[in-house]
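Produce the complete structure using the sequences and hints provided.
Protein chains in written order, with our numbering: chain A, 1 to 338; chain B, 1 to 591.
All the pointers check out, no bait thrown in.
Cut-off 30 Å, straight-line C-alpha distance, at most; resulting in silico cross-link-like pairs (DSBU-like, lysine-lysine):
| no. | chain 1 | residue 1 | chain 2 | residue 2 |
| --- | --- | --- | --- | --- |
| 1 | B | K409 | B | K230 |
| 2 | A | K54 | B | K3 |
| 3 | A | K230 | A | K167 |
| 4 | B | K581 | A | K69 |
| 5 | A | K129 | A | K96 |
| 6 | B | K409 | B | K465 |
Below, a sample of chain B positions facing chain A; criterion: calculated Cβ distance under 7 Å:
| no. | residue |
| --- | --- |
| 7 | S98 |
| 8 | Y103 |
| 9 | V104 |
| 10 | R105 |
| 11 | E106 |
| 12 | S109 |
| 13 | A111 |
| 14 | P116 |
| 15 | L119 |
| 16 | L120 |
| 17 | G122 |
| 18 | E194 |
No lab work stands behind these hints: they were computed from the structure. Cβ atoms here follow ideal geometry from the backbone N, Cα and C, with glycine treated the same way.
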Amino acid sequence: MAQEHCVIIGNGPAANQAALTLRENSPDMLITLVGQEPFPHYRPHLLPDYISGKLSENDLYVSPTEFYKRSGIKVRLGQQVVNIDFCSRELALSHKEIISFDGLIIACGGRQRIPERMQVFEDLMLTLKTPADAAVWIDRLTQVDSVLIVGGDLTSLSLTKALLSLKKRVFFMLNEDSFWPVPLGTEVAQQVRLRLMEKGVEVLESGRIRRVARISDVRLEVETDWETFKVGILGVFYGMVPDVKFLARSGLDIDRGILVDEHLRTRFDLVYAAGDCAQVYHPGIKDYWVSIGYENAISLGKVAALNLLGGMYAVETAPSSIFTVDGIVVNTSWWLEF
Amino acid sequence: MPKVDVTVEVCGMAGDGTIAAGGLINEALSEGGFSVLGFDSYPAEIRGFGRCVTHSRIGNNEVVALGDVTHVLISLDDEQSRSRVPFLSENSIVIFDSSPAAYVREDSSIAGEVEPGTLLFGMPLSDLATAASGTERGRNLTALGGFTAICGIPSELFHRVIKRRFKAKGEKVLLANLNSFDAGVTYATQNFSERIRNIFIPPGQPHGHENVLLSGNQAIGKAALDAGLKLYFGYPITPATPIMEYLASRLPDRGGRVVQMEDEISSIGAVLGSFYAGVRAMTATSGPGFALMTELITHGVMAEIPAVIIDAQRGGPSTGLPTKTEQSDLHAAVFGGPGDSARIVIAPTNVSECYRYTVKSFQLAEKYQTPVIILTDFYLDNRVENFPIPQAVESEIENSNIFPRSSVKGSYNRYSVTESGISPRALPGMEGFIFAATGLEHTEKGTPDYSPEVHTMMSAKRHRKILGALADMPAPEEFSSGNIMDVGVIGWGSTFGSVLEAVNMARGRGMNVGALKITSIFPFHLDVIREFMNRCSHCLVPELNFEGQLANLIGHLHTKDVVRLNRVTGMPFPPSAILAKIEDLIQTGDE
Chain A
1 MAQEHCVIIG
11 NGPAANQAAL
21 TLRENSPDML
31 ITLVGQEPFP
41 HYRPHLLPDY
51 ISGKLSENDL
61 YVSPTEFYKR
71 SGIKVRLGQQ
81 VVNIDFCSRE
91 LALSHKEIIS
101 FDGLIIACGG
111 RQRIPERMQV
121 FEDLMLTLKT
131 PADAAVWIDR
141 LTQVDSVLIV
151 GGDLTSLSLT
161 KALLSLKKRV
171 FFMLNEDSFW
181 PVPLGTEVAQ
191 QVRLRLMEKG
201 VEVLESGRIR
211 RVARISDVRL
221 EVETDWETFK
231 VGILGVFYGM
241 VPDVKFLARS
251 GLDIDRGILV
261 DEHLRTRFDL
271 VYAAGDCAQV
281 YHPGIKDYWV
291 SIGYENAISL
301 GKVAALNLLG
311 GMYAVETAPS
321 SIFTVDGIVV
331 NTSWWLEF
Chain B
1 MPKVDVTVEV
11 CGMAGDGTIA
21 AGGLINEALS
31 EGGFSVLGFD
41 SYPAEIRGFG
51 RCVTHSRIGN
61 NEVVALGDVT
71 HVLISLDDEQ
81 SRSRVPFLSE
91 NSIVIFDSSP
101 AAYVREDSSI
111 AGEVEPGTLL
121 FGMPLSDLAT
131 AASGTERGRN
141 LTALGGFTAI
151 CGIPSELFHR
161 VIKRRFKAKG
171 EKVLLANLNS
181 FDAGVTYATQ
191 NFSERIRNIF
201 IPPGQPHGHE
211 NVLLSGNQAI
221 GKAALDAGLK
231 LYFGYPITPA
241 TPIMEYLASR
251 LPDRGGRVVQ
261 MEDEISSIGA
271 VLGSFYAGVR
281 AMTATSGPGF
291 ALMTELITHG
301 VMAEIPAVII
311 DAQRGGPSTG
321 LPTKTEQSDL
331 HAAVFGGPGD
341 SARIVIAPTN
351 VSECYRYTVK
361 SFQLAEKYQT
371 PVIILTDFYL
381 DNRVENFPIP
391 QAVESEIENS
401 NIFPRSSVKG
411 SYNRYSVTES
421 GISPRALPGM
431 EGFIFAATGL
441 EHTEKGTPDY
451 SPEVHTMMSA
461 KRHRKILGAL
471 ADMPAPEEFS
481 SGNIMDVGVI
491 GWGSTFGSVL
501 EAVNMARGRG
511 MNVGALKITS
521 IFPFHLDVIR
531 EFMNRCSHCL
541 VPELNFEGQL
551 ANLIGHLHTK
561 DVVRLNRVTG
571 MPFPPSAILA
581 KIEDLIQTGD
591 E
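This is the structure in structure tokens:
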């Protein structure tokens with residue numbers, strides 16, 4: 001692969017780790033990162049602390065732009081891949097630019113999962129994935145005193161903590177099946193509820209959102225299965241889904257994510273997928289699984305890069321990455337359900 | 001109020017409407033209350049190919065120079081705009097056409113050139129313009145619409161200037177342009193709403209006085225009109241032609257005439273003839289044309305006939321670089337021509353001074369009966385600035401001829417030797433006087449005489465007169481704390497803005513530096529300049545020429561060699577280059 005061009009689609013932890021690994025092991029390779037978001041590589045799990053003012057925007061970013069220059073990694077931010085032709089080994093960007101590649105690592109991550117029944121209220125809800133989302137939260141929070149968090153995932157728990165530190169009144173509607181993608185057992189869900197209540201969060205009866213209406217610039221009316229009440233912001237958190245719609249007609253095998261073997265290979269030669277967008281085959285259980293979490297993504301990015309360079313590494317499938325949120329132990333290293 | 005200091009560039013191929021777009025930015029933001037300095041660079045060829053770039057620096061404090069970096073780049077042609085990428089600041093904004101006519105290979109799009117951190121805003125400019133107005137010709141306006149929305153500028157500012165610009169072209173054209181612009185605003189608002197808040201440019205406060213946005217050439221034209229110009233003679237040449245164009249559309253309404261002559265020699269001849277007859281006239285040219293004029297300019301010196309000549313410098317020698325800026329005619333302006341032919345040379349440093357000193361030049365020419373040369377350059381001629389509407393000083397507009405007293409009728413000597421060197425001048429038609437004008441050396445009466453005594457006496461008289469004019473000429477201006485300085489920077493012409501900015505930056509960093517602005521190039525204020533120089537450990541003279549022409553003129557006044565900083569890149573002097581030299585001199589003392 002020396003002197004050849006590897007394109008990495010994505011600018012998250014898997015993509016950046018892949019780029020770094022390629023550079024370390026192949027000093028002459030041309031490496032291009034194509035990120036759809038306009039932001040440099042950031043740590044999404046720090047966004048709640050940015051919202052609370054504990055961190056500055058610069059604290060979110062992992063590497064200064066100078067790092068990429070120094071490393072000879074070309075970074076294209078705010079650029080969207082709209083098509084890939086694996087025969088001619090070219091990809092097309094939305095602004096009608098064609099890029100040739102010899103090797104390709106797809107690490108385009110995920111997008112916010114909004115359940116279909118909630119999509120009708122999309123313009124009345126906030127989510128949190130990018131620094132731009134965080135900026136909207138910061139702006140809105142100056143105008144309101146209460147927030148309803150619905151759904152619930154790891155980000156939402158951190159955000160709740162941030163909102164409490166800002167002295168906001170926080171309502172939380174947690175459903176056992178909505179701590180997506182991790183299936184939340186009854187016991188853990190109860191622990192989460194108790195912990196939230198201890199922090200001063202008003203935990204609502206689990207149920208569905210039936211109706212949302214804007215009643216003023218700073219007020220929403222939310223109707224649930226059980227009650228109707230007014231709140232400043234409605235935040236919904238149902239986890240992430242692989243962002244692979246643009247690959248639908250590319251010829252890649254796609255289920256929910258890009259199907260790859262345990263070496264992260266797709267069906268095309270020298271084309272790999274890593275991170276949240278990949279569905280990885282587990283030979284032991286003979287099924288596909290998906291990884292979440294920053295550290296896991298880094299690990300997958302490294303494996304994809306090493307294998308692209310000729311290695312034959314298999315991804316770690318043991319549940320090694322267990323972490324806690326406010327003392328609640330959560331295993332997120334792999335799971336089977338979407 | 002947060003500090004606004006933003007440089008916007010529009011870049012495209014000739015024919016893309018680049019210059020028009022840049023002009024609209026300047027006008028709109030000037031009306032928005034900002035201080036604006038705009039400059040266009042374009043190819044020498046008439047139309048159809050070549051890179052056009054407009055540079056607009058916008059601030060809420062006075063802008064005195066073009067910036068070193070670009071904060072917003074509007075690309076109308078990526079192939080051309082890629083050359084501007086190295087000048088982009090960190091976190092700059094690039095607006096580009098995301099829907100070109102055909103797919104392009106890797107790195108032909110500007111999107112492949114920019115550094116990470118650059119905010120890319122791809123807009124389907126041609127598609128939007130065509131949908132809005134039926135033609136893609138308005139894609140430059142669509143890009144402006146995007147710029148307006150992305151940077152948080154009120155659309156009304158642009159609506160107003162678009163209406164003014166296109167009103168005369170009829171309702172259909174006006175509507176097409178407004179629709180194209182609005183399509184850009186709508187697209188950007190709908191697609192980029194989450195990305196625009198950090199790059200908002202707040203509108204400036206009203207100036208508190210009425211401002212005018214003029215180019216250096218327009219300011220010269222306006223000044224000439226206000227000074228009572230009756231006749232303009234000229235031959236087209238870049239970058240002076242806009243002066244003739246400006247006057248051609250206005251001077252006839254004031255009872256004057258613009259005459260395109262067969263060449264520059266006849267132009268200066270006609271100007272001398274007009275002044276000889278007591279009528280204010282002017283010509284404007286550039287280096288090659290100025291070279292042709294030199295013999296007749298010295299005729300004006302010898303015959304003591306007023307003339308006003310604009311030398312709009314461009315890259316030289318010879319035909320040189322027609323659309324590039326340079327300050328390399330100083331020697332020609334001061335010394336060009338045969339014999340000891342001292343004449344007045346003034347170099348304005350900004351657009352406002354183009355107005356002031358053009359008005360002044362008519363007074364000086366008449367009072368001192370001599371050609372007056374205004375030295376501008378491509379950058380100053382073409383750059384636009386906004387400043388309070390200028391008012392000519394009454395005494396400078398008035399006829400400044402010094403006529404002989406009626407008591408000397410019969411004994412009148414046209415070239416009488418006086419203490420000031422000024423000989424009262426009778427105009428043809430004045431009853432009782434004899435009129436003389438000769439390029440031969442002459443006696444006080446004006447009759448030819450080549451004797452050593454007469455030539456010595458008359459040479460002294462003419463030089464005494466010119467040196468005496470210094471009292472009426474603009475004095476150098478110092479920008480410092482007035483004490484001993486580590487580095488003193490002397491600037492002239494269009495470069496002075498960059499000098500001032502560099503010196504201000506250096507002072508902001510705690511350096512002990514100052515600047516001296518020289519507008520009177522000849523004669524010059526020798527004592528003031530020497531006094532300044534001798535308060536500086538190092539005296540730096542940045543110039544856009546290779547030889548260091550001002551340094552050659554004034555260098556001997558310093559007790560040690562002046563430090564020359566010369567560039568002939570065809571572009572204005574970047575303040576950063578001057579700042580770097582200042583720092584270098586302070587840190588190492590290395591000259």
